[in-house]
Amino acid sequence: MTINENADDDVKTDIINSMNLLVPQKGDYRHVEGNSDAHIKASLVGSSVLLAIEDGRLVLGTWQGVLFCEFDGPRKRKVFVKCLNSKTMQQSDSGDVAKKIWA
Amino acid sequence: MTINENADDDVKTDIINSMNLLVPQKGDYRHVEGNSDAHIKASLVGSSVLLAIEDGRLVLGTWQGVLFCEFDGPRKRKVFVKCLNSKTMQQSDSGDVAKKIWA
Amino acid sequence: MTINENADDDVKTDIINSMNLLVPQKGDYRHVEGNSDAHIKASLVGSSVLLAIEDGRLVLGTWQGVLFCEFDGPRKRKVFVKCLNSKTMQQSDSGDVAKKIWA
Numbered sequence: 006m007t008i009n010e011n012a013d014d015d016v017k018t019d020i021i022n023s024m025n026l027l028v029p030q031k032g033d034y035r036h037v038e039g040n041s042d043a044h045i046k047a048s049l050v051g052s053s054v055l056l057a058i059e060d061g062r063l064v065l066g067t068w069q070g071v072l073f074c075e076f077d078g079p080r081k082r083k084v085f086v087k088c089l090n091s092k093t094m095q096q097s098d099s100g101d102v103a104k105k106i107w108a
Numbered sequence: 006m007t008i009n010e011n012a013d014d015d016v017k018t019d020i021i022n023s024m025n026l027l028v029p030q031k032g033d034y035r036h037v038e039g040n041s042d043a044h045i046k047a048s049l050v051g052s053s054v055l056l057a058i059e060d061g062r063l064v065l066g067t068w069q070g071v072l073f074c075e076f077d078g079p080r081k082r083k084v085f086v087k088c089l090n091s092k093t094m095q096q097s098d099s100g101d102v103a104k105k106i107w108a
Numbered sequence: 006m007t008i009n010e011n012a013d014d015d016v017k018t019d020i021i022n023s024m025n026l027l028v029p030q031k032g033d034y035r036h037v038e039g040n041s042d043a044h045i046k047a048s049l050v051g052s053s054v055l056l057a058i059e060d061g062r063l064v065l066g067t068w069q070g071v072l073f074c075e076f077d078g079p080r081k082r083k084v085f086v087k088c089l090n091s092k093t094m095q096q097s098d099s100g101d102v103a104k105k106i107w108a
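Chains as they are written, first to last, in the working numbering: chain A, 6 to 108; chain B, 6 to 108; chain C, 6 to 108.
One or more of the hints may lead you astray.
As a list, the in silico PhoX-like pairs of lysine-lysine whose alpha-carbon atoms are at most 25 Å apart [claimed, not checked]:
| hint | chain 1 | residue 1 | chain 2 | residue 2 |
| --- | --- | --- | --- | --- |
| 1 | B | Lys31 | A | Lys81 |
| 2 | C | Lys81 | A | Lys87 |
| 3 | B | Lys81 | B | Lys31 |
| 4 | A | Lys83 | C | Lys83 |
| 5 | B | Lys17 | A | Lys31 |
Some chain C residues well away from chain B (every beta-carbon gap over 12 Å; in silico) [stated by the list, open to error]:
| hint | residue |
| --- | --- |
| 6 | Lys17 |
| 7 | Lys31 |
| 8 | Asp33 |
| 9 | Val37 |
| 10 | Gly51 |
| 11 | Gly61 |
| 12 | Gly66 |
| 13 | Val84 |
If you're looking for bench data, these hints aren't it; they were derived computationally from the structure. Glycine included, every Cβ here is placed at the ideal spot set by N, Cα and C.
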């Protein structure tokens with residue numbers, strides 16, 4: 006799963022195409038099920054996302070969405086969602102955040 | 006660290022081989038310690054995993070395990086484990102999860 | 006964002022150069038804004054890091070820092086920081102952690 010632009014579907018297409026260039030479906034793989042590329046892609050993109058919630062809404066950039074990447078489909082998948090207690094939320098410019106974290 | 010199949014060891018071999026194709030050990034790197042590839046691989050795979058626990062057990066797919074990827078070994082590493090309080094756990098089909106999150 | 010060595014700036018240069026080799030800025034992309042490579046790199050590296058805090062300090066390796074990777078800049082970014090309640094902290098050698106988690 007990954008957080009990325011969810012406004013222009015071409016971004017998703019570009020991500021998929023680029024992943025297929027980086028890790029071709031057919032290659033010199035040992036895993037006999039024929040889906041080694043999907044396993045490798047899953048480890049590159051990651052199996053979970055961490056999302057902030059404020060006032061009952063996901064905190065995402067203007068164009069961002071949460072993308073569930075299926076590299077070995079179509080097949081049925083299950084997604085697990087956990088809500089964690091958080092104490093504080095701080096929003097900073099990227100240039101300032103180091104100072105604030107360490108203050 | 007990454008979550009991936011832990012049943013067939015060939016998956017791990019394929020991941021390692023593919024990472025070595027993407028980021029060769031020898032390359033036009035500037036870092037003088039000779040382990041630039043390991044640094045890059047670490048950022049591609051990620052330094053931590055987020056794991057759900059229910060009823061005292063890790064919630065993983067049937068074949069999944071947590072893989073500690075050593076790209077610059079063998080050497081001794083330390084792993085840090087934190088347990089976080091969670092409120093709720095929801096399990097959804099990937100097709101339904103968006104609706105539930107936003108409901 | 007990623008956790009990696011923050012002592013030798015060459016590591017950052019190597020990461021950037023390697024990302025540019027893997028996902029060239031100019032390519033056969035469909036997204037018309039010209040920053041498809043940045044979107045893809047963002048999904049490879051990931052949009053957040055999970056950091057442990059003990060005694061008011063980030064728990065990082067000796068040389069590690071938190072790197073904010075800008076693949077489509079310079080531009081202004083916002084970083085969101087949340088603090089989560091944690092119960093316990095366990096530090097283990099990588100070879101022992103499986104036993105402890107499952108015990």
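Evaluation of the provided hints:
1. Pair hint lysine 31 (chain B) plus lysine 81 (chain A) does not hold up; C-alpha atoms about 40 Å apart against a cutoff of 25 Å.
2. A C-alpha spacing of about 31 Å is found between lysine 81 (chain C) and lysine 87 (chain A), which places the hinted pair above 25 Å, so the restraint is violated.
3. With a C-alpha separation of about 23 Å, the suggested pair lysine 81 (chain B) and lysine 31 (chain B) falls inside the 25 Å cut-off, and the hint holds.
4. For the proposed pair lysine 83 (chain A) and lysine 83 (chain C), the alpha carbon gap of about 31 Å is over 25 Å, so the pair is violated.
5. Distance check on the hinted pair: lysine 17 (chain B) and lysine 31 (chain A) sit about 17 Å apart at the alpha-carbon level, within 25 Å; holds.
6. The claim that lysine 17 (chain C) is not at the interface with chain B is violated, since a C-beta of that chain comes within 12 Å of its own (minimum 9 Å).
7. For lysine 31 (chain C), the condition that its CB be more than 12 Å from all CB atoms of chain B holds, with the nearest at approximately 19 Å.
8. Against chain B, the non-interface label of aspartate 33 (chain C) holds: every CB pair exceeds 12 Å, the least being about 19 Å.
9. Taking the minimum C-beta to C-beta distance to chain B, about 26 Å, the non-interface status of valine 37 (chain C) holds against the 12 Å cut.
10. With a closest Cβ-Cβ approach of about 6 Å to chain B, glycine 51 (chain C) is found to fall inside the 12 Å limit, against its non-interface label.
11. For glycine 61 (chain C), the requirement that its beta carbon stay farther than 12 Å from each beta carbon of chain B is met, with the minimum near 15 Å.
12. With a closest Cβ-Cβ approach of about 8 Å to chain B, glycine 66 (chain C) is found to fall inside the 12 Å limit, against its non-interface label.
13. Non-interface call for valine 84 (chain C) relative to chain B: holds, since the shortest CB-CB distance, roughly 17 Å, exceeds 12 Å.
Against the hints set out earlier in the document, violations occur for numbers 1, 2, 4, 6, 10 and 12.
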